[in-house]
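Enquirer: For reference, the chains in residue letters:
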Amino acid sequence: MNDLPLLPAEAMASFAARGFLRFDGVVPEEINRQFLEEMGDIDPPRPGQKMRRTYGEMLARAGVPQTPAGVPLAQAYPDGSALKRLLDLPLVAGAIRSLVGEDPVFDHHFLHVTFPPAYHEASGGENVSQHYHQDSTIDPRRAFDIQIMYYPHAVTREMGGTRFLPGSHLRKVSEAAIARYQNIRGQQHMVCEGGTLLFLHSGIWHGGGVNVSDRTRTMFKVRINPSRSQVRQFDVSTLKPQETQRPIFYLKGPLPPSVEQILMTPEPWHENDTSRLELLNRVKLWRYLTGDPDYDADYWATRLETLADA
Amino acid sequence: MLRQKVLVLYLANSALDSAVVGWSLFDGTGRTRRMAGDEDVPPYPTGLHALYDGWRLIQASPLLPHARGEEFDLAYLKYEFLFEQIVETRR
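In order, the protein sequences belong to chains A and B.
According to my numbering, the first sequence is numbered sequentially starting from 1.
According to my numbering, the second sequence is numbered sequentially starting from 1001.
Hints listed in this document are in silico derivations from the structure and should not be mistaken for laboratory results.
The beta-carbon is built from N, C-alpha and C at its ideal position, and this holds for glycine as well.
A hint or two may mislead.
Claimed, not checked - Pairwise CB distance ranges (calculated):
#, chain 1, residue 1, chain 2, residue 2, range
1, B, E1088, A, P254, 51 to 61 Å
2, B, L1048, A, D88, 54 to 64 Å
3, B, E1070, A, Q75, 33 to 43 Å
4, B, G1030, A, A176, 22 to 32 Å
Next comes chain B alone, as it looks inside the complex (with noise of 0.2 Å):
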């Protein structure tokens, strides 16, 4: 059976070998259990890197331009980067 990983990086900037500043995994397979705080040292350096290891991105935040009158309110991580793996499983 085949089964989806997905690894979500957030970085520096829009492009996507910029440096890893958040990150997530979300493992398919059930061989592993994620969940928040559970590391502290991103799994790549940047983007790229999770691409050299065979992660397939499937999707990346939009750049948006800055509604007038809000040009300075943050709210949640700009650069978000979704990447798949598809894994053989016998589950």
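The following block holds chain A by itself, in its conformation from the complex (with noise of 0.2 Å):
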């Protein structure tokens, strides 16, 4: 294990920072395509039938297993399945490994398809996008489950491809309670080639587009759960120390490249007073992530951290 590519401090940091790493067109085509072979076709639409029903054939004649949650990652997927192999790929090995740490948990898993208007014609219905929402619960923990969303085939902007809120993943939210926003400035849509990778931190606010194009799209989610340490999982070697805290407010021009720049870079969508609480929240994650509790960036801790009468 000790040779996988494990992540970068700074994509890590990005990480920290924007809840997501995207990994474009990293899995083999032939991966691809076993994928979908083992997907299965899906029938054309039906008059009258409803998508429940269209969909829960589907699911049900889709070479995915049903597996319990909890079980070791390893041990989820057949060897030889496209879903194993794909796992087994170092890069995304790698990656599972500095996020979530070793001996990852299965946690649950999904066949993601959006039809194209013909089906929701067919059977009566209205063709929108998925309402935003994070996934399961209210999770006030530190740790972090991340969720691989695997794109096997190109995904266009007709295609209605997952759109997703970067810098979200730190906001404690109860699910669908956030449907009331539809749009977000700095949202992003996932328009990518086949063998496309979304790495999500499980609290990352997004939903799933709407199909306007002819033909429908699958998208494959698997989350994964922690069950050891997630404390300097990643290429530890790469993280620099921070000598002395940067400067701030009063610039004379850009600072260089750094994690510090990376974790103190806000989002569009972010309000003028909460942008600075979520930098601080950064902060925190970073401090676990690294297991160093006097971490600091651009004196936000420090600043609350230093009592008067100490």
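Dock chain one against chain two, each of which comes alone in its own frame, and use the hints as you go.
Expert: Below is the structure:
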């Protein structure tokens, strides 16, 4: 396991700050093809058939195992299956190890298919996007799960790829309570080539897009829990200690690239005041990931932790 | 017949003339069907611009004190402003 390509500090900092890492076209075409063959064909639209039934029949036929929650990830998929081969890719295994540590645990998986307009017309239903939501339920942990979104074929904007909001992962909300938010500045839509992977922090706000193309869109999601430590699991040899705190506010020019620069970059949707709390919460997450209880960036934590009577 | 259109703007702070960071539109006339992810550019730069365009403010989120021990917890978008337009329609 030690020769896995672990994530460098900059990638980990980006994940801590923004809650996602995207790897475009990294799954070999041969695995993509095998996965789609294992999933099987999707029936054409049938007049009067409800989408729930179409979906249910598709899930029943697809070659995805019905796996109990809580089993070791290493045992979740049969040897030789496309998903086992995908998870064993060095880049994938190294990223999983970096983010959730050794012996990760399978939580659940799902085959997400968005259907083109013809299916909705046949069913008499409405073709709409999925509301924004945060998966699972209110999660007060500092620890986090990851969700890998796998796009086995190319996704165009018309196909309604996953929409997600970078940097939303540290907000503690209750699943679809955020559904009122239709659009948020800085949101991203997955448009990608086949074999692309999107690693998400489990707190990221997201939703499936509406498919207005003429073909189905397939995405496979697997949620993975840590079972051991998430501390210093990435390539810590790339971690450069901060000699001093960076100067703040009064700057004569841009500061050089650094982990601090990554952690302190706000998102377009940040509110003026809570943006500072977002930065502070990123510092706390970085302390957790690096095992350094004194870490700070741009003095946000130090200022609050300096007691006048200490 | 009269129908209501509801615009929800999420602003960068509690001032109505601060920048729009999130937005939703629910059209009771049925002429448009807005949904999540359908627009990446805000309809107005600030809440004030919505007033210039004839939207009537009907609700603003209150400013609440921060509970001790939970000062750094973040959850929902903080500065929510609801607007309406009453529109004549034949539906």
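Enquirer: Against this structure, judge whether each hint is valid.
Expert: Do the hints match the structure? See the list:
no. : hint                           : in the structure
1   : B:E1088 <-> A:P254: 51 to 61 Å : holds (54 Å)
2   : B:L1048 <-> A:D88: 54 to 64 Å  : holds (55 Å)
3   : B:E1070 <-> A:Q75: 33 to 43 Å  : holds (40 Å)
4   : B:G1030 <-> A:A176: 22 to 32 Å : holds (24 Å)
Of the numbered hints listed earlier, not one is contradicted by the structure.
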